[in-house]
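Based on the hints, put chain S in the right spot on chain A.
Taken in order, these protein sequences are the chains called A and S. So for the first sequence, my numbering puts the first residue at 1101; every next one is plus one. So for the second sequence, my numbering puts the first residue at 5; every next one is plus one.
No lab work stands behind these hints: they were computed from the structure. Keep in mind that the hints are not guaranteed to be accurate.
Quick list of the computed label-pair ranges, beta carbon to beta carbon [said to hold, decoys possible]:
| # | chain 1 | residue 1 | chain 2 | residue 2 | range |
| --- | --- | --- | --- | --- | --- |
| 1 | A | R1135 | S | P27 | 33 to 43 Å |
| 2 | A | R1106 | S | R52 | 38 to 48 Å |
| 3 | S | N136 | A | P1224 | 11 to 21 Å |
| 4 | S | G48 | A | S1111 | 33 to 43 Å |
| 5 | S | G48 | A | P1224 | 17 to 27 Å |
Below, a sample of chain S positions facing chain A; criterion: calculated Cβ distance under 7 Å [as the list claims (entries may be wrong)]:
| # | residue |
| --- | --- |
| 6 | S8 |
| 7 | L12 |
| 8 | P66 |
| 9 | V68 |
| 10 | R70 |
Computed cross-link-like contacts, DSBU-like style, restricted to lysine-lysine with a CA-CA straight-line distance of at most 35 Å [what the hints assert, rightly or not]:
| # | chain 1 | residue 1 | chain 2 | residue 2 |
| --- | --- | --- | --- | --- |
| 11 | S | K135 | A | K1107 |
| 12 | A | K1204 | A | K1107 |
| 13 | A | K1107 | A | K1189 |
| 14 | S | K113 | A | K1107 |
| 15 | A | K1204 | A | K1189 |
| 16 | S | K113 | S | K135 |
Don't be surprised by glycine CBs; every beta carbon is placed ideally from N, CA and C.
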Amino acid sequence: MVFLTRKLYFSAAHRLRVEGLSEEENRRVFGECARLHGHNYVLEATFAGEPDPRTGMIIHLSDLDAIVRDRVIRELDHRNLDEDVAEFKTAASTVEMLARYVWKRLEDAVPGAGLHRVRIWEDPDSCADYYGEG
Amino acid sequence: MMGSMVHLTVAREYDAAHTLWQPSFSREENYRAFGECANPAGHGHRFRVELTFGAPVTAGRPFVIRRDSVRRIFDDLLAPRIDRTNLNTAFGGEGFLPTGENLVRAIWKIVEGSLDEDVSLIRVRVVETRKNSFSYTGGHLPAVMTAAD
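Okay, chain A solo, but in the shape it has when bound (with noise of 0.2 Å):
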């Protein structure tokens, strides 16, 4: 078993409150996240497999690359992701809820291998990491 890590970025805006909190109390929770703001993500997507013993790679690179544009950064990059991303118009946009709606999407994306980990850095010095349910 090998690990893969692929790191892919995203820009986008977004301001954390929760449904059903006052403006008041979400400002409080949430701090000057609770205005319109936005970051350069970086999305890290570990992946276990074997290596194939012809080619030594779990997946081509560009491969992967592709697949996560496809699934996670078309939807994400140069959006507002309360605004853009259906997932994000009911529940708030914290780093900890994009990795977790990152992992969906990318469960079953590397036939072969299965995604250990979504690490999503929201800045240089915070990140949230989700390794599923198991």
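Just chain S, lined up with the frame of chain A:
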């Protein structure tokens, strides 16, 4: 919706001085044990403190830990001890030896004791230099760490 466990890591950097000097050692033993870190006059680093929290996340509770709690931990609990301080005395105990190994455990004790019940501390990591970092994921805390109370 079932909650699913997510980890959130948040980092902050602090500038602090310390020296590694064990009073029960002779001068020679201190230099042998701690090398250049045993300069009695002290030296300093920019310490990067990374805290990893874990909690189940749901649509109704879309975060591992409230961001105002994170701010309180870094600004109110850790900054007074680590930001522009002398780590040999800033943790309050006499004889606290501020190695990276002791720092991660002292920080663990402070942070874990301040958390609400629905949040777990998963890991404390301290990056001391480009070459050194220390991680602690919980477990037995030796008696000497009571110096950091």
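Is 11 to 21 Å a correct range for the gap between the Cβ atoms of N136 (chain S) and P1224 (chain A)? holds, 20 Å
Between the alpha carbons of K1204 (chain A) and K1107 (chain A), is the straight-line distance 35 Å or under? Since the Cα atoms of K1204 (chain A) and K1107 (chain A) sit roughly 17 Å apart, the hinted pair holds (cutoff 35 Å).
Quick one, are K1204 (chain A) and K1189 (chain A) close enough, alpha carbons at most 35 Å? Holds - the C-alpha atoms of K1189 (chain A) and K1204 (chain A) are around 17 Å apart, at most 35 Å.
With 7 Å as the cut and Cβ atoms as the points, is L12 (chain S) at the interface with chain A? holds, 5 Å
Falls inside 17 to 27 Å, the C-beta gap from G48 (chain S) to P1224 (chain A)? About 22 Å separates the Cβ atoms of G48 (chain S) and P1224 (chain A), which means 17 to 27 Å holds.
Proposed interface contact between V68 (chain S) and chain A, which counts if any beta carbon pair is under 7 Å: holds, 5 Å
Tell me if the beta carbons of G48 (chain S) and S1111 (chain A) are separated by a distance inside 33 to 43 Å. Taking Cβ atoms as reference, G48 (chain S) and S1111 (chain A) lie about 36 Å apart, which means the hint holds.
Within 38 to 48 Å: is that where the Cβ-Cβ distance between R1106 (chain A) and R52 (chain S) falls? violated, 25 Å
Can the restraint linking K135 (chain S) and K1107 (chain A) be considered satisfied, given a maximum Cα separation of 35 Å? holds, 24 Å
35 Å limit on alpha-carbon distance, applied to hinted pair K1107 (chain A) and K1189 (chain A): Holds, because 26 Å separates the two Cα atoms, which is no more than 35 Å.
Within 35 Å, alpha carbon to alpha carbon, are K113 (chain S) and K1107 (chain A)? Given that 35 Å is the threshold and the Cα spacing comes to 34 Å, the pair holds.
So, as I understand it, the hint says R70 (chain S) touches chain A; can you test that by seeing if any CB pair is closer than 7 Å? Given a least distance of 5 Å, the restraint on R70 (chain S) holds.
Going through the hint list in order, the structure does not satisfy hints 1, 2.
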